[in-house]
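Number of protein chains: 2
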Amino acid sequence: MDKHILKELRRILGPDSLLTSWEDRACYSYDATGQSFLPDAAAMPETAEQVAAILRLANEHRFPVIPRGAGSGVTGGALPVARGLVITFSRMNRILEIDAANMIAVVEPGLITGELQAALKKRGLMYPPDPASLKFCSIGGNAAECAGGPSAVKYGVTRDYIIGLEAVLPSGEIIKTGVRTEKGVVGYDLTRLLIGSEGTLAVFTKLILRLLPLTESKATFLLTFPDLAEATKLVAEILSAGLLPCTLEYMDRTAIAAVRDRLKQPLPDGTAALLLVEFDGSKEEVHQQAARFAKFVAEKGNCVLRQAADEQKTAELWLARRSISPAVLSLRPHKIAEDVVVPRSKIPDLVAFTERLAVELKLLILTFGHAGDGNIHVNIMLDKSDPDEHRNGLEAKERLFRFVLSLGGTLSGEHGIGITKSAFLPLEIDPASLQLMRRLKQLFDPNGILNPGKVFPKFSASSC
Amino acid sequence: MDKHILKELRRILGPDSLLTSWEDRACYSYDATGQSFLPDAAAMPETAEQVAAILRLANEHRFPVIPRGAGSGVTGGALPVARGLVITFSRMNRILEIDAANMIAVVEPGLITGELQAALKKRGLMYPPDPASLKFCSIGGNAAECAGGPSAVKYGVTRDYIIGLEAVLPSGEIIKTGVRTEKGVVGYDLTRLLIGSEGTLAVFTKLILRLLPLTESKATFLLTFPDLAEATKLVAEILSAGLLPCTLEYMDRTAIAAVRDRLKQPLPDGTAALLLVEFDGSKEEVHQQAARFAKFVAEKGNCVLRQAADEQKTAELWLARRSISPAVLSLRPHKIAEDVVVPRSKIPDLVAFTERLAVELKLLILTFGHAGDGNIHVNIMLDKSDPDEHRNGLEAKERLFRFVLSLGGTLSGEHGIGITKSAFLPLEIDPASLQLMRRLKQLFDPNGILNPGKVFPKFSASSC
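Those sequence lines, one after another, are chains A and B.
Position in the first sequence (from 1) plus 2 gives the number in my numbering.
Position in the second sequence (from 1) plus 2 gives the number in my numbering.
Note that these hints are calculated values from the structure, not bench results.
Any given hint could be a false lead.
When chains are identical, the list treats them as one kind, so a pair holds in a single copy or across two.
[To be verified] Taking lysine-lysine and the DSSO-like style, the derived pairs with C-alpha atoms no more than 30 Å apart in a straight line are:
hint, residue 1, residue 2
1, Lys235, Lys123
2, Lys178, Lys386
3, Lys460, Lys285
4, Lys208, Lys364
5, Lys460, Lys124
6, Lys302, Lys9
7, Lys266, Lys285
8, Lys124, Lys297
9, Lys5, Lys364
10, Lys137, Lys5
11, Lys9, Lys266
12, Lys460, Lys302
13, Lys208, Lys315
14, Lys123, Lys9
15, Lys156, Lys123
16, Lys178, Lys266
None of the values given here were measured: they were computed from a predicted structure.
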């Protein structure tokens with residue numbers, strides 16, 4: 003990036019808001035994929051107008067601009083794969099408004115999701131999406147990837163709670179999309195076109211969120227199974243019975259082993275799988291749902307049912323659940339982590355398939371995640387320094403994807419495509435749709451300056 | 003439309019599937035706006051391939067193609083304002099699949115929404131969106147306009163239940179969008195870009211719906227108020243208190259008067275407004291919510307609370323509610339019917355404004371509708387043959403729109419823009435967004451063959 007551009011950027015941002023040292027750039031080079039690409043610089047804008055000026059400059063000089071949330075993404079959406087300028091939103095992280103009467107909040111993209119939730123809780127309100135990374139991920143990144151989380155089984159995902167945006171187009175124009183009301187059907191749905199577009203179509207500078215009243219009470223259950231298939235079979239049955247948990251999470255034997263030391267209470271001997279099930283609502287509702295659930299499990303489930311006695315025990319269970327992703331790296335040095343989705347009734351087929359795959363390809367593969375909505379996290383563990391294991395891992399990934407699609411599933415439920423799945427996009431998206439998506443990208447960003455190399459199958463970096 | 007084209011259309015469709023007589027064309031000339039435009043012909047395709055062939059032919063010969071649901075739209079989305087060929091889906095109206103285990107249905111666009119709901123009910127399932135026209139509107143039309151209904155306050159609108167589409171692009175290419183799973187974030191969200199695009203971007207040939215378990219029980223309340231402001235003020239308070247009704251409908255004095263003869267039980271003297279409030283869920287849940295609600299109303303509401311004793315009484319209340327739109331025409335021969343949305347807490351301001359407007363412009367204006375989500379139906383009654391009244395009606399409409407936007411609201415919650423609001427689109431949508439929407443239309447439909455004259459402000463037919 004030449005000196006003239008850096009000077010212009012300093013003029014736009016002010017002297018202290020452009021980072022160019024190696025150390026600073028290194029901080030914006032990585033994400034949770036473990037891959038790293040050094041940007042030319044990183045900008046810390048404070049206003050939408052500064053973002054707009056950056057994008058105009060980028061079009062003039064054709065340098066890449068990469069919007070970055072908190073770097074917790076697992077598909078490479080925030081990686082500066084073609085160098086350029088990273089935009090970080092650490093100085094655009096405010097809650098601008100909480101309108102309690104209308105259950106609406108207006109926030110900046112750099113706001114940490116967990117901080118938003120804590121602030122809302124004090125006001126008796128709730129923003130449901132709860133990615134495992136909620137303590138450090140940002141709401142802008144959540145919107146870019148359309149993040150989910152355990153509560154999605156009852157409450158839906160990020161797209162269900164973002165009703166309007168202020169966004170800067172690659173041209174530098176600032177647009178306002180959507181509404182600040184519960185309903186709205188005026189013009190094309192730009193809001194939802196931008197959500198999940200992984201920072202390739204526009205840069206978010208403001209988000210309008212719909213909120214819910216805070217639920218009063220919660221009951222948390224742990225179900226342990228001597229047999230994996232019994233656990234996965236029960237998932238669709240729970241929901242078909244009209245029970246509506248706000249959490250319906252699953253862990254296989256290996257996931258349990260990885261976080262066992264975080265569970266103070268020992269699990270029954272021979273536990274092959276567990277379900278973590280929660281109900282929320284008013285005290286009476288929770289009491290009734292919990293009673294119905296216990297009765298249902300007594301009749302249907304070949305398992306041991308335990309209810310968390312208090313908040314501490316509940317927190318312990320959640321700590322274990324949220325620790326799986328980092329903890330599995332104690333098993334093998336690397337992982338290929340996929341968040342495939344299948345129709346709920348097909349979860350047993352998916353899990354059986356991954357077990358066969360593990361044996362055949364001599365790999366450690368574990369499965370866990372949001373069983374309630376069929377969104378299973380498959381972690382293929384490996385040591386990349388072993389060429390056979392690396393090759394087998396990549397083969398396992400492709401065979402997993404093909405199998406998931408054969409079940410009527412999808413390659414990603416909440417992580418997005420980024421760079422780690424872009425080569426596989428044509429497996430799921432038909433040629434005419436893919437062509438249409440490319441033309442949409444071209445329409446928004448004719449010079450290809452915004453987050454280049456993402457989503458579409460052309461970037462050829464390491465694909466895991 | 004010249005003979006060569008008609009001959010080609012007959013070849014594509016078969017001899018009995020192209021209607022060209024004046025009588026037949028007249029059947030496809032109108033919708034619920036009361037406006038009428040005669041098409042050149044109407045096609046009754048049975049397959050997506052036939053739709054694709056029609057669109058290819060239309061591009062070759064540059065004739066307009068207008069996809070039509072059941073003609074129940076109130077903003078002119080299905081009107082052939084530039085003549086051309088109407089496509090009707092009366093022969094593509096099947097339920098292709100109900101996957102009860104995964105709570106998914108696959109249907110064709112011509113399916114009547116109420117028929118889908120009845121079929122699902124037998125399977126213990128539910129598709130929540132419930133436009134007042136549900137007995138005759140079609141699911142394809144619902145998707146094109148992103149229809150809502152009373153249940154939206156708890157369950158959301160059409161876009162929240164359509165997770166995938168088969169659609170034909172104006173080019174004649176058939177695409178598949180979305181997923182058949184609860185979650186999915188692969189590629190740009192074409193599904194939601196197409197939903198609510200009012201038949202201007204693509205023609206739907208298949209819809210994948212997510213379903214819910216059928217709720218077991220319901221409790222219905224009628225609240226009558228001696229004062230309008232008391233009714234509207236209570237709306238936001240009900241929801242802020244954490245009560246979550248599946249219906250929170252409101253009617254003012256004039257709306258009540260229009261449907262009074264459908265209510266067998268007389269209302270208290272001096273009733274100035276009413277709320278229709280329902281709770282659904284398991285028997286216990288409904289019982290508890292009903293008890294909480296009754297307590298809440300006793301403390302907060304300046305009103306008379308009555309619970310519908312049985313299903314017949316409930317049906318009577320609903321018949322009255324669903325009859326408002328047709329019934330008001332007994333008051334004056336014409337109406338300008340708008341479905342504006344405001345933040346819930348602003349409903350009292352909106353209603354007070356319409357009352358002032360009515361006095362000032364000497365018009366009968368009534369308000370009713372989905373108060374729970376701020377989506378108020380404002381009906382400006384008039385006799386168009388009286389030029390003063392007509393002019394005042396149009397002035398009232400524009401002043402209403404400007405006031406709604408000043409409250410942070412939107413011009414339409416569920417009816418769309420069509421032709422009746424297109425002139426007002428720039429009041430709500432900023433120039434850069436509007437330009438972007440025009441370019442999206444151009445990208446999808448470079449020859450402008452698909453539903454021309456809709457959404458964008460250029461068609462100059464009567465704007466009410």
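Quick rundown of the hints versus the structure:
1. With identical chains, the CA atoms of lysine 235 and lysine 123 are at most 30 Å apart between copies only, with a shortest distance of 24 Å across copies and 35 Å within one.
2. For a Cα distance limit of 30 Å, the shortest separation of lysine 178 from lysine 386 qualifies neither inside one copy, at 45 Å, nor across copies, at 36 Å.
3. Taking the closest pair of Cα atoms, lysine 460 and lysine 285 never come within 30 Å of each other, the shortest separation being 53 Å inside a single copy and 55 Å across copies.
4. Taking CA atoms no more than 30 Å apart as the test, lysine 208 paired with lysine 364 passes in neither setting, with 47 Å inside one copy and 42 Å between copies.
5. In this assembly of identical chains, the alpha carbons of lysine 460 and lysine 124 never lie at most 30 Å apart, being 46 Å within a copy and 49 Å across copies at closest.
6. Taking CA atoms no more than 30 Å apart as the test, lysine 302 paired with lysine 9 passes in neither setting, with 68 Å inside one copy and 62 Å between copies.
7. In this homomeric assembly, lysine 266 and lysine 285 come within 30 Å of each other (Cα to Cα) only inside a single copy, at 27 Å, whereas the closest approach across copies is 38 Å.
8. Proximity of lysine 124 and lysine 297 under a CA criterion of 30 Å is satisfied inter-copy only: 25 Å between copies versus 35 Å inside one chain copy.
9. For the homomeric pair lysine 5 and lysine 364, neither the shortest alpha-carbon distance inside one copy (52 Å) nor that between copies (68 Å) is at most 30 Å.
10. With identical chains, the CA atoms of lysine 137 and lysine 5 are never at most 30 Å apart, being 37 Å at best within one copy and 67 Å at best between copies.
11. For the identical chains of this complex, lysine 9 and lysine 266 are neighbours neither inside a copy (56 Å) nor across copies (77 Å), given an alpha-carbon limit of 30 Å.
12. Taking identical chains as interchangeable, the C-alpha atoms of lysine 460 and lysine 302 are never at most 30 Å apart, the minima being 49 Å within one chain and 61 Å between chains.
13. In this assembly of identical chains, the alpha carbons of lysine 208 and lysine 315 never lie at most 30 Å apart, being 37 Å within a copy and 47 Å across copies at closest.
14. Within a single copy, lysine 123 and lysine 9 get their C-alpha atoms no closer than 44 Å, and across copies no closer than 66 Å, so neither meets the 30 Å cut-off.
15. When the C-alpha separation of lysine 156 and lysine 123 is checked against a cutoff of 30 Å, the pair qualifies both within a copy, at 19 Å, and between copies, at 21 Å.
16. Taking identical chains as interchangeable, the C-alpha atoms of lysine 178 and lysine 266 are never at most 30 Å apart, the minima being 49 Å within one chain and 48 Å between chains.
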